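Asks: Sequence:
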Amino acid sequence: MLRTYDIPVVDADEIAKEVVKPGSAGLKSVIQEFGPEFLTAEGALDRRKLGQKVFGHPELLHRLEAITHPLIREETRRRRRLHEDMGHKLAIYDIPLLFETRAKDQFDGVIVVACTKEQQKERLRRQNWSEDEIEMRIASQIPIQFKEQQADFVLHNNRDEQHLLREVDRLLKWLEELKNQN
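Just so you know, the working numbering puts 73 at position 73 of the sequence shown, and the rest follows in order with no gaps.
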């Protein structure tokens, strides 16, 4: 949504997919660690199958993150330098695991997009996730209440699109103030 306001957005989930795309060193490392049964017939990572294996098993999740997180951080830093070189004073880094990866201090400000747990579950159900997958994924995350306490700005995504647009407007005003301070 913020891309429509000409604010560069770096999406960690997008990067996470890129670092394990077919032919990448990241995919090769994941398959060496977990086995070829996590490849699709087309040679791509079966993210859902791997997620079912690692979520709910902290030691397996840690092994996966030890492979992917350094690659994601490296690409995020590269994109940050790119935006700085292009003269952008402001960019948004969409990092769902910002607190889990202890990366909060790398940024000038932290925005948390919050919704209720039930809304989170409903959104995951719409992506055809099973109840077990949903529970394991949520259990692996730091509680939203902690994230809200640590944030510089909380955007509430609990209601309809009009409410979300008002929240985005409030966010843009805050970002403008932040940009003017730097």
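These are computed hints drawn from the structure, not numbers from a lab. One thing to keep in mind: the hints can contain errors.
In the DMTMM-like style, the derived pairs of lysine to aspartate or glutamate whose C-alpha atoms are separated by at most 20 angstroms in a straight line are [stated by the list, open to error]:
#1 Lys-147 x Asp-85
#2 Lys-17 x Glu-65
#3 Lys-117 x Glu-131
#4 Lys-28 x Asp-46
#5 Lys-53 x Asp-160
#6 Lys-21 x Asp-85
#7 Lys-173 x Glu-65
#8 Lys-49 x Glu-135
#9 Lys-179 x Glu-135
#10 Lys-21 x Glu-59
#11 Lys-121 x Glu-135
#12 Lys-49 x Glu-133
#13 Lys-179 x Glu-118
#14 Lys-179 x Glu-133
#15 Lys-179 x Glu-84
#16 Lys-89 x Glu-135
#17 Lys-117 x Asp-160
#18 Lys-21 x Glu-75
#19 Lys-49 x Asp-152
#20 Lys-173 x Asp-152
#21 Lys-17 x Asp-160
#22 Lys-89 x Glu-37
#23 Lys-53 x Glu-37
#24 Lys-179 x Asp-169
#25 Lys-147 x Asp-11
#26 Lys-49 x Glu-65
#27 Lys-121 x Asp-13
#28 Lys-49 x Asp-13
Quick caveat, the model's predicted, so the values are computed rather than measured.
Asks: Hint check: Lys-121 vs Glu-135, CA-CA at most 20 angstroms. Holds or violated?
Replies: holds, 8 angstroms
Asks: Hey, Lys-117 versus Asp-160, does the alpha-carbon distance stay inside 20 angstroms?
Replies: The given pair, whose Cα atoms are some 16 angstroms apart, holds under the 20 angstroms limit.
Asks: Lys-89 and Glu-37: Cα distance at most 20 angstroms?
Replies: violated, 44 angstroms
Asks: Holds or violated: are the alpha carbons of Lys-173 and Asp-152 at most 20 angstroms from each other?
Replies: Holds: Lys-173 and Asp-152 sit about 13 angstroms apart, inside 20 angstroms.
Asks: Checking one constraint from the list: CA of Lys-147 to CA of Asp-85, max 20 angstroms. Satisfied?
Replies: It is violated: about 31 angstroms lies between the C-alpha atoms, which goes past 20 angstroms.
Asks: For Lys-179 and Glu-84, compute the direct alpha-carbon distance and say whether it is at most 20 angstroms.
Replies: holds, 13 angstroms
Asks: Run the distance test for Lys-179 versus Glu-135: straight-line Cα separation, threshold 20 angstroms.
Replies: violated, 38 angstroms
Asks: When you check the alpha-carbon spacing of Lys-49 and Glu-135, does it fall within 20 angstroms?
Replies: This hinted pair holds, its Cα atoms lying about 16 angstroms apart.
Asks: For the pair supplied as a hint, Lys-121 and Asp-13, is the alpha-carbon distance within the 20 angstroms limit?
Replies: holds, 18 angstroms
Asks: When you check the alpha-carbon spacing of Lys-17 and Glu-65, does it fall within 20 angstroms?
Replies: holds, 13 angstroms
Asks: Are the Cα positions of Lys-49 and Asp-152 separated by 20 angstroms at most?
Replies: Violated - the C-alpha atoms of Asp-152 and Lys-49 are around 36 angstroms apart, more than 20 angstroms.
Asks: Are Lys-117 and Glu-131 close enough, with their CA atoms no more than 20 angstroms apart?
Replies: At roughly 13 angstroms apart (the allowed maximum being 20 angstroms), Glu-131 and Lys-117 satisfy the hint.
The structure shown violates the earlier hints numbered 1, 5, 6, 7, 9, 10, 13, 14, 16, 19, 21 and 22.
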